[in-house]
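Undergrad: Listed below are the residues making up each chain.
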Amino acid sequence: MIRFNHVSLTYGNGVSGLKDASFHIPRGQFVFLTGHSGAGKSSILSMIIADQKPTEGEVKVSGYQISKLTAREIPRLRRRLGVVFQDFRLLEYRTVEENVAFALEVTGARHESIPNRVMRALTQVGLASKARGYPKELSGGEQQRVAIARALVNDPHILIADEPTGNLDERATRGIFQLLREINAGGTVVVMATHNMELVRDTGYRTIELKGGRIVYDSGVDDAEAAP
Amino acid sequence: MRHRTPLREALLVFQRTPLLSSLSIASIGFSLFTIGLFFLVALNFRRALDVLAERVEVVAFVLRGTPTEAISQATQDITAFPEVLELRFVTEEQALARARRELVEFREAYRDLEVNPLPASFEIRLKPQFRNAKQAQAVAERLRGFPFIEDVRYGRDWVERLDKLRTMAAVVGLVIGLAFAAVAIVIIGVTIRITVLQRAKEISIMRLVGATNNYIRGPFLIEGAIKGILGGVLAIVMCWVTFYVFRQTTGDTGATLVFFGTLQMTVMMLFAIGIGLGGSLVSVDRQLRSV
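Residue numbers (the numbering used here), protein chains in the order written: chain L, 1 to 228; chain Z, 1001 to 1291.
Derived from the structure by calculation, the hints contain no laboratory data.
Quantities reported herein were computed from a predicted structural model and do not represent experimental measurements.
Some hints here could point you the wrong way.
Claimed, not checked - Calculated from the model, a selection of chain L residues having no Cβ within reach of chain Z, i.e. all distances over 10 angstroms:
#1 27
#2 72
#3 76
#4 154
#5 207
Claimed, not checked - Computed spacing ranges between beta-carbons, pair by pair:
#6 L:65 <-> Z:1229: 20 to 30 angstroms
#7 L:115 <-> Z:1038: 51 to 61 angstroms
#8 L:12 <-> Z:1019: 34 to 44 angstroms
#9 L:14 <-> Z:1242: 54 to 64 angstroms
#10 L:133 <-> Z:1019: 46 to 56 angstroms
#11 L:65 <-> Z:1007: 33 to 43 angstroms
#12 L:214 <-> Z:1198: 33 to 43 angstroms
#13 Z:1019 <-> L:216: 23 to 33 angstroms
#14 L:67 <-> Z:1169: 53 to 63 angstroms
#15 Z:1012 <-> L:214: 18 to 28 angstroms
#16 L:14 <-> Z:1169: 47 to 57 angstroms
#17 L:14 <-> Z:1016: 32 to 42 angstroms
#18 Z:1229 <-> L:216: 56 to 66 angstroms
For each residue, glycine too, the CB sits at the ideal point set by N, CA and C.
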């Protein structure tokens, strides 16, 4: 599903985001990316969603080679991914259901199918009753659930979550994490960047730890090497 | 849940950000108003020059005693010149009568004449596109080729001065017009850029969920075109009000000063729409490259 092969990323201003990173995430896996700010977590995520191209090495996501993606192929890749951010990134002037529908509209989904698919995604995150509300009327945890519904509505192969619980209290954090686990149980790869080591410790999921742009620990290194 | 088409999306922006949208339309309107006013002045100046150019006339004086047949033949030949709009043959008697009528200060001198000193002549008015020194000179040279033509006059100095004035007006008009247009494009571009920047978050979300660049551009282009249309209409209305007030103030009845015709207004509207579309396209594409 996701393969990094000796990948380095240096930003335009000369700052190094990632150095010689190699790992493989197979279908159905839940992976934590951990490390301090600037460790390289966001660099990995930004290459997975093709927001950045590697300076060296090769990144393959769902069959697409990121460094060779054309401008036309980037949207196609992103439709196979769901992305969730710490700051939710919802559009305040749209209702909850419109925010979720937005992800379908931009992909040219059939209009008749949109309401059902939106409602299914909102039901999955437990927010069907708030479909007509606006984001500002919701709690942080609920807003993140809307963002997750938006990420899920296209039935992505991979869900990328960049510090999805960073702005949430303990209870909401647990709720969001449980939701991500359920999504993963359905076969979707989940890659979650987090600072929350408590969350990481409680689960048996694979953890890739980064420091100064390098991978310093990968609990699933054997799986990765064994994978095709 | 209502489906959002690019048109509906564009129209909702006006509802969501009425102040910013109004400011964009006003900026397009006022920028085009400035250009419009300048071109209105240029249009009327050019019209005044054209009225002056109507006086460009080539006069060929005929030798005394030229046979009538020769005059008739020459009349046909000269009328066939491509430059000639109108040809009039003025006999010696008609020339004298006109001199007595028009040259009041010499009326006494002309009254007692026993011999008419004034020659017969061909008076030639040129077609509008030939009313310049070069063409008048060419017609004069051809007329001198007739053996019975004594002299040809076309007010050379005056026509050359008119030519210079026209060239200068065209160059100054073009340079200032382009400068005004450039300033308008910059002002409008900055205004549209602000509206796009205000929606940077929306653009970045669209990209993240897999929208193609064309999909993202759609509502912005429609919005730009609508702003262009409204700004263009605003500019034309302001130009007309200014023109009307000026005409009232100067007491012009409509015979001297002219307003834009359909063609000029269409060009102005197309420019407004083009600038709205172009500004939006450039701003969105810049934003697309940065997210």
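Undergrad: Next, verify each hint and record whether it holds.
TA: Evaluation of the provided hints:
Against the 10 angstroms criterion, residue 27 (chain L) stays outside the reach of chain Z, whose nearest CB is about 20 angstroms from its own CB. The non-interface label for residue 72 (chain L) is inconsistent with chain Z: the shortest C-beta to C-beta separation is roughly 8 angstroms, within 10 angstroms. Not every C-beta of chain Z lies more than 10 angstroms from that of residue 76 (chain L), the closest at about 7 angstroms, which undercuts listing it as non-interface. Non-interface status of residue 154 (chain L) relative to chain Z is broken: a Cβ of that chain comes within 10 angstroms, the nearest being about 7 angstroms off.
Distance to chain Z confirms residue 207 (chain L) as a non-interface residue, since its nearest Cβ pair spans about 25 angstroms, more than 10 angstroms. A hinted range of 20 to 30 angstroms for the beta carbons of residue 65 (chain L) and residue 1229 (chain Z) is inconsistent with their spacing of about 45 angstroms. The beta-carbon spacing between residue 115 (chain L) and residue 1038 (chain Z), approximately 54 angstroms, falls within the hinted interval of 51 to 61 angstroms. Between residue 12 (chain L) and residue 1019 (chain Z) the beta carbons are some 36 angstroms apart, a value that agrees with the proposed interval 34 to 44 angstroms.
For residue 14 (chain L) and residue 1242 (chain Z), the hinted distance range of 54 to 64 angstroms is satisfied, since their beta carbons lie about 56 angstroms from each other. A C-beta distance of roughly 26 angstroms is found between residue 133 (chain L) and residue 1019 (chain Z), which places it outside the suggested range of 46 to 56 angstroms. Range check, residue 65 (chain L) to residue 1007 (chain Z): about 38 angstroms between beta-carbon atoms, so the 33 to 43 angstroms window is met. Checked against the hint of 33 to 43 angstroms, the C-beta distance between residue 214 (chain L) and residue 1198 (chain Z) comes to roughly 39 angstroms, which is consistent with it.
Restraint check, residue 1019 (chain Z) to residue 216 (chain L): a C-beta distance of roughly 52 angstroms breaks the suggested window 23 to 33 angstroms. With their beta carbons about 59 angstroms apart, residue 67 (chain L) and residue 1169 (chain Z) fall inside the hinted range of 53 to 63 angstroms. Separation of residue 1012 (chain Z) from residue 214 (chain L) is about 47 angstroms and departs from the stated range, judged on CB atoms against 18 to 28 angstroms. A C-beta distance of roughly 56 angstroms is found between residue 14 (chain L) and residue 1169 (chain Z), which places it inside the suggested range of 47 to 57 angstroms.
Against the hinted window of 32 to 42 angstroms, the Cβ-Cβ separation of residue 14 (chain L) and residue 1016 (chain Z) comes to about 40 angstroms, which satisfies the hint. For residue 1229 (chain Z) paired with residue 216 (chain L), a C-beta distance near 59 angstroms keeps the hint of 56 to 66 angstroms intact.
The earlier numbered hints that this structure contradicts are 2, 3, 4, 6, 10, 13 and 15.
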